[in-house]
Amino acid sequence: MSQTIAKSNAVSTPKRIALQGKYETIMMLSNGEQLVLAVVLPIIALFGLTFTDLLEGVAPRSIDAAVPGVLALCVISTAFTGQGIGTGFDRRYGVLRMFSTTPLGKTGLIFGKVIAVLTVLAIQVVLITLVALLLGWEPNLFGILPAILFLLLGAAAFTALGLLIAGTVRPEATLAITNLAWILLAGVGGVLFPLSMAPHWIQPTLDALPSAALGDAMRSALIEGRFSIASVIFLVLWAAAGSFAAIKLFKWN
Amino acid sequence: MVSSVTPSLIINELSKDLGPVPALNNRMLRVLDSVSLKAFPGQVTTLLGSNGAGKSTTLACAQGLMRPVGGTVQLLGQDPYGDNPALRSRVGVMLQDGGLPPSMRPVPLLRHVAAMYKNPIDIDALIVRLDLESFGSRTIRRLSGGQKQRVALALALAGDPEVLFLDEPSAGLDPQSRQVVFDLISEQRDAGKAIVLTTHLMDDAQRLSDYVYIIDKGRTVAQGTVAELTTLAAAEHETRPVGFGAAPGLTLPQPPAGLHLSETTPGEYHLTGVSTAEHLHWLTSWWAREGILPKHMNLQARSLEDVFLEFAQKEEPA
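Residue numbers (this note's numbering), protein chains in the order written: chain B, 2 to 254; chain C, 136 to 453.
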């Protein structure tokens with residue numbers, strides 16, 4: 002009997018996850034709308050904020066004030082909006098069901114998506130960094146490692162939230178919610194603009210958003226070289242709560 | 136070590152509720168009620184039933200995609216619920232809706248899924264066999280229903296599985312693809328695979344099955360080999376219609392009690408209620424008396440469809 006249980010025709014778990022990660026990455030990169038969201042809009046935001054005085058007072062130079070928020074926006078584009086819409090439609094078409102009948106299973110599916118999010122995010126960060134350096138960006142070098150940590154924590158929190166929405170409502174609703182959230186969070190959720198620029202009465206509410214924790218942490222790291230413990234705690238809590246809710250509520254079909 | 140009599144799949148007293156259903160005052164709807172079945176290696180086990188009878192739900196529970204409210208499932212001696220890559224690697228599934236990602240092309244998708252297995256089936260041969268290259272440049276979104284079916288079947292076969300679940304494998308297929316699919320299923324059976332398929336088409340069930348379970352309203356109403364089912368209780372109450380063709384407008388004699396003779400269309404006659412050789416004798420005696428030599432005649436055998444209708448009708452509330 003134990004021999005029967007050990008018998009398997011599946012390749013190893015890391016290999017299956019790597020295969021699925023590659024597949025999901027190609028799916029994400031071959032989708033035109035996702036590319037607009039992941040690359041084109043953040044670059045437009047970068048130029049917009051660099052060549053205007055919208056971020057006056059945040060940093061001595063506007064490019065230094067703009068880049069951290071644009072990198073935070075990349076996280077929301079890919080981990081939340083792009084990944085959420087993709088997963089929502091995969092669920093609609095029974096793709097999640099189909100893959101869960103293969104050796105990949107649900108675990109492999111989720112890790113495959115995480116790899117795709119991280120790969121696309123890495124591509125975005127490299128692209129934005131290159132463009133920003135050409136525009137004269139001078140990041141605070143002490144803030145680079147903290148910024149990478151914040152990007153990863155932000156990706157975890159927003160991936161969990163994206164999966165939560167994709168797994169509980171219709172894909173059309175996921176599309177609407179995650180796109181609207183992207184615009185709102187970018188504009189007034191503390192991503193591109195520091196919360197200190199928002200009216201005082203609404204700041205405590207917005208402060209609780211993962212977008213604000215991410216955006217403000219990126220700015221304090223890459224402008225002042227500071228490491229915001231409070232933001233780490235916030236992002237970890239959001240990631241944990243989002244994952245817990247997604248695991249409990251996600252409907253596979 | 137593997138005994139040929141060890142079932143690959145044992146479903147015992149499976150029950151499943153769906154809902155709550157608004158039309159039933161938000162009560163749960165029982166879609167499966169104590170369904171039991173076994174599937175053996177080297178056999179095609181068919182779940183035959185009309186749409187909504189519970190066939191796909193039975194398969195979903197057997198595959199571990201859905202948890203039943205009661206009963207047990209043993210797939211290759213294991214519990215199918217939860218992530219179990221080792222078990223999944225030995226089981227191939229063709230879902231009714233396919234579950235194919237619309238923006239992918241068929242062949243890369245097949246190669247991706249096949250790469251999950253240590254010893255996949257010969258993918259190149261399968262691509263040729265199912266003629267996937269003929270529409271290989273199109274994304275799945277642009278394929279016809281039958282083409283999608285062929286891709287879904289290829290995915291199910293990718294890992295050269297010991298157990299193959301096929302939900303309505305012939306749906307939407309043109310006659311040639313249907314023959315290819317049927318040949319593939321028969322080969323898999325001959326190679327010792329356990330095949331569990333569903334269909335609502337009597338013809339498919341009759342052609343492919345080694346053993347049939349007739350499912351109606353979530354219950355198993357009859358089971359047996361095709362031969363067993365079609366001869367089942369035949370001696371008791373079965374009647375066979377006789378059809379024949381002759382000159383139109385014959386004057387029909389009065390048949391013995393229980394029989395009914397009629398001209399259905401000009402020149403085509405139908406005698407129903409035939410259950411003994413005496414009845415045939417009565418018919419041929421009339422022909423002999425009147426000098427009628429029919430152009431053709433046939434005594435219809437009981438088909439799986441008759442059995443199905445008979446059992447489905449039994450289930451109707453009185």
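Just so you know, the hints here were simulated from the structure itself, not pulled from any lab data. Don't take every hint at face value.
[Said to hold, decoys possible] Here are the simulated lysine to any residue pairs, SDA-like style, with alpha carbons at most 20 Å apart:
no., chain 1, residue 1, chain 2, residue 2
1, B, K252, C, K283
2, C, K283, B, F90
3, C, K283, C, R313
4, C, K283, C, F317
Here the structure is a predicted model, which is why all the values come from computation and not from measurement.
Now the hints, each set against the structure:
This hinted pair does not check out: K252(B) and K283(C) have alpha carbons roughly 25 Å apart, beyond 20 Å. Under the criterion of a C-alpha separation no larger than 20 Å, the hint pairing K283(C) with F90(B) is consistent with the structure, at around 18 Å. Note on K283(C) and R313(C): the hinted pairing holds, with a Cα-Cα distance of about 13 Å set against a maximum of 20 Å. With a CA separation close to 16 Å, the supplied pair K283(C) and F317(C) stays within the 20 Å bound.
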